[in-house]
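Enquirer: Protein sequences, first through last, are from chains A and B. Take 8 as the starting number for the first sequence in the working numbering and just add one per residue. Take 33 as the starting number for the second sequence in the working numbering and just add one per residue.
Mixed in with the good hints, there may be bad ones.
Stated by the list, open to error - To spell it out: a stretch of chain B is covered by chain A in this simulated footprint if at least three of its residues, at any positions, have a beta carbon under 8 Å from a beta carbon of chain A; those stretches are: (1) 119-131; (2) 146-152; (3) 651-662; (4) 667-679; (5) 682-689.
If you're looking for bench data, these hints aren't it; they were derived computationally from the structure. The structure displayed is predicted, hence computed values, not measured ones. Glycine included, each C-beta is placed from N, C-alpha and C at the ideal position.
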Amino acid sequence: MSLKLEEKAISSKQQFEPLIVAFCCNWCSYAGADLAGTSRLNYPANIKIIKVPCSCRVSPNFVLRAFQRGADGVIIAGCHPGDCHYSTGNYFTRRRFTLFANLLEYVGIEREKFKIEWISAAEGNKFATVMNEMLDSINKLGPSRKLRDGRWIRQQ
Amino acid sequence: MPRIGAFVCWCGTNIAGTVDIEQVVQAVSEMSGIVYVKDYQYMCSEVGQNLVKTAIKEWQLERVIIASCSPRMHENTFRKAAKAAGLNPYLVEVANIREHCSWVHKNKEEATKKAIALIRAAVAKASLNTELIAKEIDVENRALVIGGGIAGIQTALDIAEAGYQVDVIEKSPSIGGKMAQIDKTFPTLDCSACILTPKMVDVASHPNINLYTYSEIESVNGFVGNFEVTIKQKARSVNLEKCTGCGICTEKCPSRKSKSEFDEGLRTRGAIYTPFPQAVPNVPVIDREHCLKFNTGKCGICEKLCPAGAIEFGQEDVLVTKKYGAVVVATGFDIIDLDKFGEYQYQNHPDVLTSLEFERLTNAAGPTAGKFIRPSNNKRPEKVVFIQCVGSRDVSSRGKSYCSKICCMYTAKQAMLIKDKYPDIEVYVFYIDVRTPGKNFDEFQRRAVEEYGVNYIKGMVGKIFPAGDKLIVHGVDSFTGDTLKIEADMVVLAAAAQAKPDAEVLGRKLAISTDTNNFFTEAHPKLRPVETHSAGIYLAGACQGPKDIPETVAQAGAAAAKVIGLLSKRKLVSNPCVSVVNEDLCNGCLSCLKICPYDAIAAKELATNNHGITSKRIVAKVNEALCQGCGGCTVACRPGAIDLKGFTNKQITAEVDALCH
Ligand SMILES: Cc1cc2nc3c(=O)[nH]c(=O)nc-3n(C[C@H](O)[C@H](O)[C@H](O)COP(=O)(O)OP(=O)(O)OC[C@H]3O[C@@H](n4cnc5c(N)ncnc54)[C@H](O)[C@@H]3O)c2cc1C
Chain A
8 MSLKLEEKAI SSKQQFEPLI VAFCCNWCSY AGADLAGTSR LNYPANIKII
58 KVPCSCRVSP NFVLRAFQRG ADGVIIAGCH PGDCHYSTGN YFTRRRFTLF
108 ANLLEYVGIE REKFKIEWIS AAEGNKFATV MNEMLDSINK LGPSRKLRDG
158 RWIRQQ
Chain B
33 MPRIGAFVCW CGTNIAGTVD IEQVVQAVSE MSGIVYVKDY QYMCSEVGQN
83 LVKTAIKEWQ LERVIIASCS PRMHENTFRK AAKAAGLNPY LVEVANIREH
133 CSWVHKNKEE ATKKAIALIR AAVAKASLNT ELIAKEIDVE NRALVIGGGI
183 AGIQTALDIA EAGYQVDVIE KSPSIGGKMA QIDKTFPTLD CSACILTPKM
233 VDVASHPNIN LYTYSEIESV NGFVGNFEVT IKQKARSVNL EKCTGCGICT
283 EKCPSRKSKS EFDEGLRTRG AIYTPFPQAV PNVPVIDREH CLKFNTGKCG
333 ICEKLCPAGA IEFGQEDVLV TKKYGAVVVA TGFDIIDLDK FGEYQYQNHP
383 DVLTSLEFER LTNAAGPTAG KFIRPSNNKR PEKVVFIQCV GSRDVSSRGK
433 SYCSKICCMY TAKQAMLIKD KYPDIEVYVF YIDVRTPGKN FDEFQRRAVE
483 EYGVNYIKGM VGKIFPAGDK LIVHGVDSFT GDTLKIEADM VVLAAAAQAK
533 PDAEVLGRKL AISTDTNNFF TEAHPKLRPV ETHSAGIYLA GACQGPKDIP
583 ETVAQAGAAA AKVIGLLSKR KLVSNPCVSV VNEDLCNGCL SCLKICPYDA
633 IAAKELATNN HGITSKRIVA KVNEALCQGC GGCTVACRPG AIDLKGFTNK
683 QITAEVDALC H
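Chain B with its partners taken away, still in its complex shape:
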């Protein structure tokens, strides 16, 4: 029996409040193999860790049990401490008596009993632990950024500046994301394009950055340090190298029926188009669905006119496979569809707009060249009503239960932009609450009310009735209880932010999880906000939850720092908890080989010498560099020849026995 030391953490009152530490210590000291027990208020603190280190040395401990919070929290901390004291880190076991015990049980007697049982299981497992040595694996020092919005742009620039190669994959024909569509930005009202487009150009011209626009992720294999990603470059029908961006083709294209995605459908575009004049790369793309050449075989005007000979109707989708050490997901967000919000007449009336359409409408480069007019009659509106929380903080099935976070601020911004240009326009904002935490945010919103005279009304809008060329907004002022009828010329809906519709599919490819609202989940809500549960994959921007630009940029920088930290290591230590084959027991059926998701098992020929007669037989062989330690093979193995280090059959059985004590 190895010499085992146990360390029981109080975690202040987090554990000690529900678990009787004294009783636990007493019970643990009687368990077989235990030579030392110590309790302390915060075992993870430096003092606590030193207690562990000193005891390992003084008591020649061969195994260490830490009864504390979840191993997902501090297992590594204590493994490092053990290593520092000369003990193999894999001889440490954690009994989770906080998340799985003190925090979920109220009855002190029951919780204490359970804590003892959990520690008994950890002791039983630990006594069977063996020293494990982690292997080193190479790190591919190139990063991949998925999504070319401000989050992806900032991440790519930061990584590239640190001297590493970065590839950016953007689904649409140009990078820029939502920020490129926005007119002015809160809380300073500076023009969005003025601060974004220089960054877009930086990305395009940076020697370390490689852009794949109009491209998507096809598949992802591998693991931290060694991802193998296949990228699908959709056929653009225009040669990226030859095109000079002169724009003749887009001007002369006879097909004019498609709605511009960039202008939120407020303007039409040709079948060959550049999403917006500052697009990066400034190379058009042919929308094959609407192109006459692709549909009727006639036309081809663009090809005839192109002075550079860049039009290539015969282009096909191309698959490229590359290796990356780290991946950053920065795929952003969308606003919700409003088809379930019939009461606001969005579907029926051109003067009811989404917030994003409004951004295009006031933009100097937008469909009206910045002239603020009603889409229905091209006249300037006299009364504009903004409605906040359309689908946000809405627990019904048509909405989202969360707060979209950015709408209070951008609504105040949009209201101010109107008042700034046309002080005579009356502006109303219906809101549930105004939420403006953030540096200079509250001041900003107050300016809308105090300086610009925007009428804020606490209350919701029940219904909008179109009457002649007016929109009658029926609402309630919940302070006075009065019902209001406002004869508006334009209504702007602050539609809730939502996850990208393909987030789940992408998440599956990357093996990262999404939350109940389909935003990507961070590894820890407080302490690991940019990491995912899959090592080497990080998150930036609104794909993780609604965010404004300052927050997005901060997170992008953080993700870049994590990537740089990872890529700067030439070698990574691999997980030593991998499968091993007992060749004497293996009968060569190779059931294990068939189920291994990593192709980490291969057949190996074994020559045996039996009294001079050599015979050959097949056994399974595990490639430790590829094995990720899921353990599926151990169960598929009929003779029981494969076992998983760190989670052996014996160890798990011992845990079961100990729990059933």
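In isolation and in its complexed conformation, chain A is listed as follows:
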């Protein structure tokens, strides 16, 4: 990144408080987030977690709804492929959202703003790293306005 761009990113960061909605499966990633907490690993307060039983419970509708209502990024986190508590749930997540990410990109939501990550219950570190990185890239990209519902005003 050029120096100028970086400056811009930094200055816009001051006004821009991104919101990232994280859907975490109960068995791996939610527990991974708990472990990040127990290990006192810092990640930004912009990330807000919603617990779901399995990543396969997350409907594309929820993701769209989040972008509509002003989220700047959405992340779905589940068990590593092969480790799903329900055996095969995360395979469906992977397939569904590989397609869905294409659609999002097509309508103008950058790849960095919608992510799927596999984070196990033992990976508190990974949880914090992934969240920090996601926020960094969203800070650089700026707010997501593509799908935003104009009538909905997000309070900071």
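Given the coordinates of chain A, work out where chain B with the ligand should sit on it, guided by the hints.
Expert: Chain B with the ligand in isolation, oriented as in the chain A frame:
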């Protein structure tokens, strides 16, 4: 709008230190539906729980929000409290403002804002919660123990003694595990076989225990109380019932090339063999890879000699499927391969041994009948060097970052055993640190130094050079900074303990997780050390992390207690958060049926009567006893006819909206 009460926990300073409780209480009291807010230092304490119970009654609360630690920690506590106060437990929601907020954020203003947002989401969800009633499911009152080491043996005995049926699956031909290989045991130096073999016999003769040796897990289905496990009994080629264990076959087998696994390759064995004389069951097995009959079609001496007619070359692997209420994993550990530690010459020199080989070498029942000699020339060594932490506490890719925990103690034990028999042998121990916490452990290690005169040298060995019939050990004494050259006759390497190579595969079959080192993960590092995240599956012994025998036995007893607790319940309450089909919306496409991992969805024919004309259509139907509540079907459903109780589309959308407030 239901009447909602919110309870904000300080968790001492854990939450209150980073989250401004007063501000949170103020903000929450303004949220819609909230009729009561209370904060308290420790909401999970009895006083805290009573606050919740009283408020439910006094304020006729219809929903309860607990803003506290993770729901994985105390959701159940508060659900029980709500139930005691007459509220359906599923009307309680937890906002995780500790693990997901106060512990990960430093800025008080930001953390306070986030806490409020998380509570707002919980309020939004809770207002859509409905009463859920848990169903009861039957419990199969038989337990399965995987692994027949001391951990599995102790667990099986404890469960069987409580009056329940137990099946033990052991991969190798005999139970016993590593403890059967060990010579003497720290910290008392009593003989391992003397304390283990009686237990092995108890297992074999207990009316409630059923042994499956030379067997493995093929597949696991089902859930707590109702596991369905398929066991593969590998072809032993010897009939277990007919064999009398006389041993003629093993004696006369002409194939002598295979290395004995039990003796760590220090001795050869026949193709038909019993791993060790005290094996349970005392029935040999044919190693088909090395058997002449299987390879050339000739031989068959064992068959001709067997007085009981027990040899069955035609045996095939058998699959057995059985139901169990609970499963205990006790598959133990291994020591690492030393092929990446070339500097110690393990691969090149017969007098460089692993700690486990050393145990066999000093064992009276071992390859040398307990005579302490060098494998290279059968002479007694004069100088022996032990090297600790070979691959332990080693962050490079060839080692393990953790401490293997047992090596300091068994090295002290092994050094003492030498000195005890042959006081004139010089013994050196290279160590990084000596770690001997445990009852009578430190005293034990000090005895090695003070009474037995073992030379402990703090420092690592750089390289070993074979020179003639000696091994020149180049090391550094890190106290003096001196480089040392010791002309040793034997070197013993305390190789790091590691997880079983198939732990991950087994973990997948059981749907339990392994940590970064492939040891199985317990449900909580402090409070639930023998449980896994999968209900009904427990851990015992070194499969969960390196452990000595006392710890292993303690954990085995704990796992048994958990199993007994589970099996003693005739019924279990099932998770009521299952899928439901709205038959009016269902169009019968059955996409849901195809993706359900539990076969919990079936097609159902629905007859509708429309002004006297009966028409039939297909809809999906959920079997609540089988549904585990993953929710995958809800997303696959195109008309949106399936929803997941407790995590409905509306509830999750409400949470999203609330977070994006
Ligand atoms: C050199 C050495 C010396 C030691 N000395 C001492 C000592 O003096 N005192 C002390 O307290 N401790 C000592 N220990 C530690 C002791 O060996 C362990 O604490 C103990 O063996 C752990 O028991 P376990 O049953 O958990 O595992 P293991 O003994 O490893 O037993 C596991 C069993 O499970 C079976 N198994 C594995 N995978 C499967 C599968 N997939 N399906 C079915 N079965 C399976 C294995 O074949 C084995 O029989 C020593 C360890 C070593 C390496």
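Enquirer: Against the structure shown, which of the earlier numbered hints fail to hold, in ascending order?
Expert: As far as the earlier hints go, not one is violated by this structure.
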